[in-house]
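Asker: Sequence:
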Amino acid sequence: MDFLCTNRVSIDTAEGRLKSPKFEVKLKRHATFNNVCARVHLTDTVHIPAKSEVFVEGEIRGNFYGKPEGCLEPLPEFKGDTHLLMPKSVVNLSKSKVIFSILNPTADPRILKKNVQVGSVQPIEQVLNCNLESRNQINDNFTLPEIVIPEHLQPLVERCSEKLSAEERKRLESVIYQYADIFVGPDGKLGHTDLVRHEIDTGDSKPIKLPLRRLPIMQRDIAEAEINKMLNQGIIEPRDSKQPTPNTKIVSDSNWVQQWGAEDIRRLQHKDSNIATVLHYLTHSTEKPQISTPDQDMSALLRQWDLLFIRDDLLCRKFFEIDGSVTNQLVAPRELRKDIMLQLHNNRTAGHLGREKTLNKVRSRFYWPCMTSDISRWCQTCPSCAKRKRGPGKGKYPMQHYTVTRPLECIAIDIMGPLPQTDNDNEYIMVIGDYFSKWKEAYALKNHTAQAVADKLVTEFICRFGAPTRIHTDQGREFESNLFSEICKLLGVEKSRTTPYRPQSDGMVEKV
Numbered sequence: 001m002d003f004l005c006t007n008r009v010s011i012d013t014a015e016g017r018l019k020s021p022k023f024e025v026k027l028k029r030h031a032t033f034n035n036v037c038a039r040v041h042l043t044d045t046v047h048i049p050a051k052s053e054v055f056v057e058g059e060i061r062g063n064f065y066g067k068p069e070g071c072l073e074p075l076p077e078f079k080g081d082t083h084l085l086m087p088k089s090v091v092n093l094s095k096s097k098v099i100f101s102i103l104n105p106t107a108d109p110r111i112l113k114k115n116v117q118v119g120s121v122q123p124i125e126q127v128l129n130c131n132l133e134s135r136n137q138i139n140d141n142f143t144l145p146e147i148v149i150p151e152h153l154q155p156l157v158e159r160c161s162e163k164l165s166a167e168e169r170k171r172l173e174s175v176i177y178q179y180a181d182i183f184v185g186p187d188g189k190l191g192h193t194d195l196v197r198h199e200i201d202t203g204d205s206k207p208i209k210l211p212l213r214r215l216p217i218m219q220r221d222i223a224e225a226e227i228n229k230m231l232n233q234g235i236i237e238p239r240d241s242k243q244p245t246p247n248t249k250i251v252s253d254s255n256w257v258q259q260w261g262a263e264d265i266r267r268l269q270h271k272d273s274n275i276a277t278v279l280h281y282l283t284h285s286t287e288k289p290q291i292s293t294p295d296q297d298m299s300a301l302l303r304q305w306d307l308l309f310i311r312d313d314l315l316c317r318k319f320f321e322i323d324g325s326v327t328n329q330l331v332a333p334r335e336l337r338k339d340i341m342l343q344l345h346n347n348r349t350a351g352h353l354g355r356e357k358t359l360n361k362v363r364s365r366f367y368w369p370c371m372t373s374d375i376s377r378w379c380q381t382c383p384s385c386a387k388r389k390r391g392p393g394k395g396k397y398p399m400q401h402y403t404v405t406r407p408l409e410c411i412a413i414d415i416m417g418p419l420p421q422t423d424n425d426n427e428y429i430m431v432i433g434d435y436f437s438k439w440k441e442a443y444a445l446k447n448h449t450a451q452a453v454a455d456k457l458v459t460e461f462i463c464r465f466g467a468p469t470r471i472h473t474d475q476g477r478e479f480e481s482n483l484f485s486e487i488c489k490l491l492g493v494e495k496s497r498t499t500p501y502r503p504q505s506d507g508m509v510e511k512v
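Numbering-wise (UniProt numbering), the sequence shown opens with residue 1 and increments by one.
Note that these hints are calculated values from the structure, not bench results.
Take the hints with a grain of salt, since some may be wrong.
Below are the SDA-like pairs computed for lysine to any residue, each with C-alpha atoms no more than 25 Å apart in a straight line [stated by the list, open to error]:
1. Lys446 with Asn424
2. Lys209 with Glu59
3. Lys440 with Pro500
4. Lys97 with Gln154
5. Lys495 with Val458
6. Lys51 with Thr372
7. Lys389 with Thr405
8. Lys387 with Tyr428
9. Lys88 with Asn115
10. Lys387 with Arg406
11. Lys456 with Asn424
Using C-beta positions, here's what the derived DEER-type ranges look like [to be verified]:
12. Arg497 with Arg220: 34 to 42 Å
13. Ile236 with Pro150: 20 to 28 Å
14. Ser165 with Ile291: 16 to 24 Å
15. Glu167 with Ser285: 41 to 49 Å
16. Arg388 with Glu151: 55 to 63 Å
17. His270 with Phe319: 17 to 25 Å
18. Arg220 with Asn424: 32 to 40 Å
Heads up, the beta-carbon is just placed ideally off N, CA and C, and yes, glycines get one too.
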């Protein structure tokens, strides 16, 4: 007011002018005032995981009347390889809220607080209309050259082009022909690309040196051949490292049939309320949620938060072995736990092992809360184990050791079955082993009667190697029969047997 009175300034609101004896200024109304630039602030706190991109909401603090579009540019703090990155984008200025993306290329998660300024926006004065008619005309009239797909890639084209039109099939063939070198060739050589370079950041962790493990003699030639094959194909290369890792044999040729598919396990995990809750939190955040719950299974899963991870939409857990290796365990849903213990303890090939061995077998594949107590209770209540395994304490007579000094001084026989019937109607396997040389042979049987066992023993084993001095078996009916006893008497073979419920006394063939 002092300034206005001293200079005799008056404001004419009707005409919208600021008048004085020396000057006169036309005033602008608020409705016609436009900002040249405005700030953009976050409307909420944002958590950005490492190596991730998220879409966030921002607020434009300014008015752009009559300007429908604007250019959003990031602040200098959101540029560079070591910072958060925000791309330039075109936004709608008719609304005060805009959506844009922020990328976190670093290895650490970042948090942006609410109301923090991330960029600025300016109105777009002119939009150029580029004429693309000539380019479209070229693309429409483009004809692909005649190409010949390699023979080993033709099945791939047939599988991928079942629902494609003729023109789409030609374009697919052109792409496959152009990049044919990245597919596995008929010689088994793997293709590769040099467009991406992958590095594993181990941080401050020191390398682990593992001791050398010798391979069996019969597998050394196979391992040497595989190593030379991979060297010739360029899969591996020679290296002299101070932290060596021993060769690991993985038997891939197997007739194992998987009982549960990935879709079945994924469905059962999402059906389990505790596992589904943990999957939800792991998917949307890397921070451990602060949840207070009376559910013991849920509390146990949350205590394993740092070891849990998601692979192929399945919840898994890392288990660190004594030697430093890491085993990925599948977190088993509640409906699968009974089947898992049936397969790894009660199955005929599982052997009805004790609590510790059964726990180790399950732990090498699966994990669930209170797993130790569940397996211990399962083994204690197993009817077969209760019938066949005697309690603690010594037997009626102390066990004695028998020492063999030459081949065929003592052989052991045992029968396993019934197993799934083969094409030749065989359901049993008879194993014969020599205690001195450890030589073992297995024969298929349709049944385990005394006649079938005696016939296979005489015609297949004794006729080739000769009669042994002693035969050691369990107390099966086929071995205690009169026919088997008469054969031993005729051949001059001594017969011995194990004590009841004591398979350790015939451990060599029991292990087989």
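Asker: Lysine 387 and tyrosine 428: Cα distance at most 25 Å?
Answerer: Holds, because 23 Å separates the two Cα atoms, which is no more than 25 Å.
Asker: Is the Cα-Cα distance between lysine 51 and threonine 372 25 Å or less?
Answerer: violated (37 Å)
Asker: Is the straight-line distance between the alpha-carbon of lysine 446 and that of asparagine 424 25 Å or less?
Answerer: holds (8 Å)
Asker: Regarding glutamate 167 and serine 285, is the given constraint of 41 to 49 Å on their beta-carbon distance met?
Answerer: Given about 46 Å between the Cβ atoms, the range holds.
Asker: Lysine 387 and arginine 406: Cα distance at most 25 Å?
Answerer: The hint is violated at about 37 Å.
Asker: Within 20 to 28 Å or not, the Cβ separation of isoleucine 236 and proline 150?
Answerer: For isoleucine 236 and proline 150 the Cβ distance comes to about 25 Å; the hint holds.
Asker: Is 34 to 42 Å respected by the C-beta to C-beta distance linking arginine 497 and arginine 220?
Answerer: Holds, since arginine 497 and arginine 220 (Cβ atoms, about 39 Å apart) stay within the stated range.
Asker: That 16 to 24 Å hint for serine 165 and isoleucine 291 (C-beta), does it hold up?
Answerer: Violated: the Cβ-Cβ distance is about 53 Å, outside 16 to 24 Å.
Asker: Given the hint that lysine 97 pairs with glutamine 154, test it: the Cα-Cα distance must not exceed 25 Å.
Answerer: Violated: lysine 97 and glutamine 154 sit about 52 Å apart, past 25 Å.
Asker: With a cut-off of 25 Å on the C-alpha distance, tell me whether lysine 495 and valine 458 pass.
Answerer: Distance ~15 Å between lysine 495 and valine 458 Cα, so the pair holds.
Asker: Quick one, are lysine 389 and threonine 405 close enough, alpha carbons at most 25 Å?
Answerer: Distance ~32 Å between lysine 389 and threonine 405 Cα, so the pair is violated.
Asker: Given the hint of 55 to 63 Å, is the C-beta distance from arginine 388 to glutamate 151 inside that range or not?
Answerer: Holds: the Cβ-Cβ distance is about 59 Å, inside 55 to 63 Å.
In summary, the numbered hints that this structure violates are 2, 4, 6, 7, 10, 14.
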